[in-house]
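**Q** Spelled out, the chains give:
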Amino acid sequence: MSGFPTLLYKELLRFWKVGVQTVGAPVLTALLYLLVFAAALDGRARVYEHLSYAQFLVPGLVMMGVLQNAFANSASSLIQSKVTGNLVFVLMAPISELEFFGAYVLASVVRGLVVGAGVLAVAACFVELRPASPLWMLAFATLGSALLGTFGLLAAIWADKFDQIAAFQNFVILPLSFLSGVFYSIHALPPAWQAATRANPFFYMIDGFRYGFFGTSDVAPLASFAVVAVSFAVLAAGCLLLLRSGYKLRP
Amino acid sequence: MSLALEVRQLEKRYGALQALAGVDLEVAEGEFFGLLGPNGAGKTTLISIVAGLVRPSAGAARVMGADVVADYRRARRMLGVVPQELVFDPFFTVRETLRLQSGYFSLRRNDAWIDEVMHHLDLDAKADANMRTLSGGMKRRVLVAQALVHRPPLIVLDEPTAGVDVELRRGLWQFVRRLNRDGHTIVLTTHYLEEAEEQCERIAMLKAGRLVALDSTRNLLARFSGLDLEEIFLRVMEHPS
Numbered sequence: 001m002s003g004f005p006t007l008l009y010k011e012l013l014r015f016w017k018v019g020v021q022t023v024g025a026p027v028l029t030a031l032l033y034l035l036v037f038a039a040a041l042d043g044r045a046r047v048y049e050h051l052s053y054a055q056f057l058v059p060g061l062v063m064m065g066v067l068q069n070a071f072a073n074s075a076s077s078l079i080q081s082k083v084t085g086n087l088v089f090v091l092m093a094p095i096s097e098l099e100f101f102g103a104y105v106l107a108s109v110v111r112g113l114v115v116g117a118g119v120l121a122v123a124a125c126f127v128e129l130r131p132a133s134p135l136w137m138l139a140f141a142t143l144g145s146a147l148l149g150t151f152g153l154l155a156a157i158w159a160d161k162f163d164q165i166a167a168f169q170n171f172v173i174l175p176l177s178f179l180s181g182v183f184y185s186i187h188a189l190p191p192a193w194q195a196a197t198r199a200n201p202f203f204y205m206i207d208g209f210r211y212g213f214f215g216t217s218d219v220a221p222l223a224s225f226a227v228v229a230v231s232f233a234v235l236a237a238g239c240l241l242l243l244r245s246g247y248k249l250r251p
Numbered sequence: 001m002s003l004a005l006e007v008r009q010l011e012k013r014y015g016a017l018q019a020l021a022g023v024d025l026e027v028a029e030g031e032f033f034g035l036l037g038p039n040g041a042g043k044t045t046l047i048s049i050v051a052g053l054v055r056p057s058a059g060a061a062r063v064m065g066a067d068v069v070a071d072y073r074r075a076r077r078m079l080g081v082v083p084q085e086l087v088f089d090p091f092f093t094v095r096e097t098l099r100l101q102s103g104y105f106s107l108r109r110n111d112a113w114i115d116e117v118m119h120h121l122d123l124d125a126k127a128d129a130n131m132r133t134l135s136g137g138m139k140r141r142v143l144v145a146q147a148l149v150h151r152p153p154l155i156v157l158d159e160p161t162a163g164v165d166v167e168l169r170r171g172l173w174q175f176v177r178r179l180n181r182d183g184h185t186i187v188l189t190t191h192y193l194e195e196a197e198e199q200c201e202r203i204a205m206l207k208a209g210r211l212v213a214l215d216s217t218r219n220l221l222a223r224f225s226g227l228d229l230e231e232i233f234l235r236v237m238e239h240p241s
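Chains as they are written, first to last, in our numbering: chain U, 1 to 251; chain C, 1 to 241.
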């Protein structure tokens, strides 16, 4: 037996206890994006012939909610525990670095998936949705949230203050998610911007998730999945190395 | 003699600062041991290394024979630390906090012991109160309870009575003495030297990361006859030998 199940349970309980803020608020934000953009652009913008703009928008918004909240979960939990000092209770327990990593990242995956399911459920009230391949959707949402949960953990290990995490969210996560094709297909971009978008891992997560929805995407889903999987493996290895070294957590 | 805590040539450097400079220390099982020193002497650094919160630069520390780095799981299971700072997780109630702490040590059905610890620390009435709503003294009691949920044979109390009222202080010492009588080894750091004189069988004094005195409380008082522990402490700090 190990402390892993309890640490995971604690991390889940932490975000669930403030569900209005951690689940309700991002669902409402995504709904506002959908209503405003769909109302403003429906009929004027059409990305795929057989889809309305609102239908095209939904998977991007779902995935944006999944990714941003997966990052926020691990990052805010760890930085809060570091700044308030209660992390000592976890650090003094017989919990390995792998268990620590697993609990924080799995909780991020769960929060990402819960937010994603919430956005999807609310969007379904306004837009007709017929997912083509739910397994691809689940695969991209799960791996994408694991990737962002790991990134959040890395950010919080490095950060000493709340505003450093806010800077990550505002200057890294938000631009990467907005410039990844949530609101448009990269084929609508000039070649230079298309190339730049292909260097953004968020693009592959959102494009792959969109394939699960429509059976159509800018990049083959297997290729996108490979990019996301390799990105996760690299970040996870880096994060475990940092945890093993004790960097900033066990000076 | 079995050792509850064994520290060998322990060093910790933070850049140019030498927080611990080769400390050797042994605490036998069942002892009530005092670790004294002025601020910045290295007491909390030593405790933090033993607890796994800080990595040593050199040397080793063992809890009940288990190396705190190489065999950290076993070492941590046998150690309970009451931290100096009033730290708590604002998301949880007292009972949830103690259940989570038990779970970190793989103890899933521990409610009987949690209830007993809460009863001894007079926390029963606050069991379902959120940690945020507790007074400083109550939070201190929860910290003590958290250190005890896994029944560790070695308990380290890092200034447990700082900012605590007389009633809690009295209750806390009664409880800690009972734990000691039941076989738990106690290591105490405190700035209240009359508490150390009253409670501890042996005392170590640290200054600038070095051990400057180590003896039984009785021997220390006999060696400096006519002085109380506070006066002895001040003399040792002025003239460490």
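Just so you know, these hints were derived from the structure itself, not from any lab. For clarity, every value in this text was computed on a predicted model and none was experimentally measured. Mixed in with the good hints, there may be bad ones.
Restraint ranges, calculated between C-beta atoms of paired labels, are given here [said to hold, decoys possible]:
1. A16/C to V36/U: 18 to 24 Å
2. R181/C to L98/U: 54 to 60 Å
3. A237/U to E230/C: 51 to 57 Å
4. W16/U to E11/C: 43 to 49 Å
5. E238/C to A25/U: 57 to 63 Å
6. L98/U to A16/C: 48 to 54 Å
7. R169/C to V234/U: 48 to 54 Å
The calculated BS3-like cross-link candidates involving lysine-lysine, where the alpha carbons are at most 25 Å apart (straight line), are [as the list claims (entries may be wrong)]:
8. K161/U to K82/U
9. K248/U to K161/U
10. K248/U to K82/U
11. K139/C to K82/U
12. K17/U to K207/C
13. K161/U to K17/U
The beta-carbon is built from N, C-alpha and C at its ideal position, and this holds for glycine as well.
**Q** With reference to the structure, classify each hint as holding or not holding.
**A** Hint by hint, here is what the structure shows:
Between A16/C and V36/U the C-beta distance comes to about 57 Å, which lies outside the given range of 18 to 24 Å. Restraint check, R181/C to L98/U: a C-beta distance of roughly 40 Å breaks the suggested window 54 to 60 Å. With their beta carbons about 54 Å apart, A237/U and E230/C fall inside the hinted range of 51 to 57 Å. Under the hint 43 to 49 Å, the C-beta atoms of W16/U and E11/C, about 44 Å apart, fit the expected range.
Checking the proposed 57 to 63 Å range against E238/C and A25/U shows it holds: the Cβ atoms sit about 60 Å from each other. The hint said 48 to 54 Å for the Cβ distance between L98/U and A16/C, and at roughly 34 Å that hint is violated. For R169/C paired with V234/U, a C-beta distance near 53 Å keeps the hint of 48 to 54 Å intact. The hinted pair formed by K161/U and K82/U meets the criterion: a straight-line CA distance of about 9 Å does not exceed 25 Å.
This hinted pair checks out: K248/U and K161/U have alpha carbons roughly 12 Å apart, not beyond 25 Å. Distance check on the hinted pair: K248/U and K82/U sit about 10 Å apart at the alpha-carbon level, within 25 Å; holds. Under the criterion of a C-alpha separation no larger than 25 Å, the hint pairing K139/C with K82/U is consistent with the structure, at around 18 Å. For the proposed pair K17/U and K207/C, the alpha carbon gap of about 46 Å is over 25 Å, so the pair is violated.
For the given pair, K161/U sits about 23 Å from K17/U by alpha-carbon distance, which is consistent with the 25 Å threshold.
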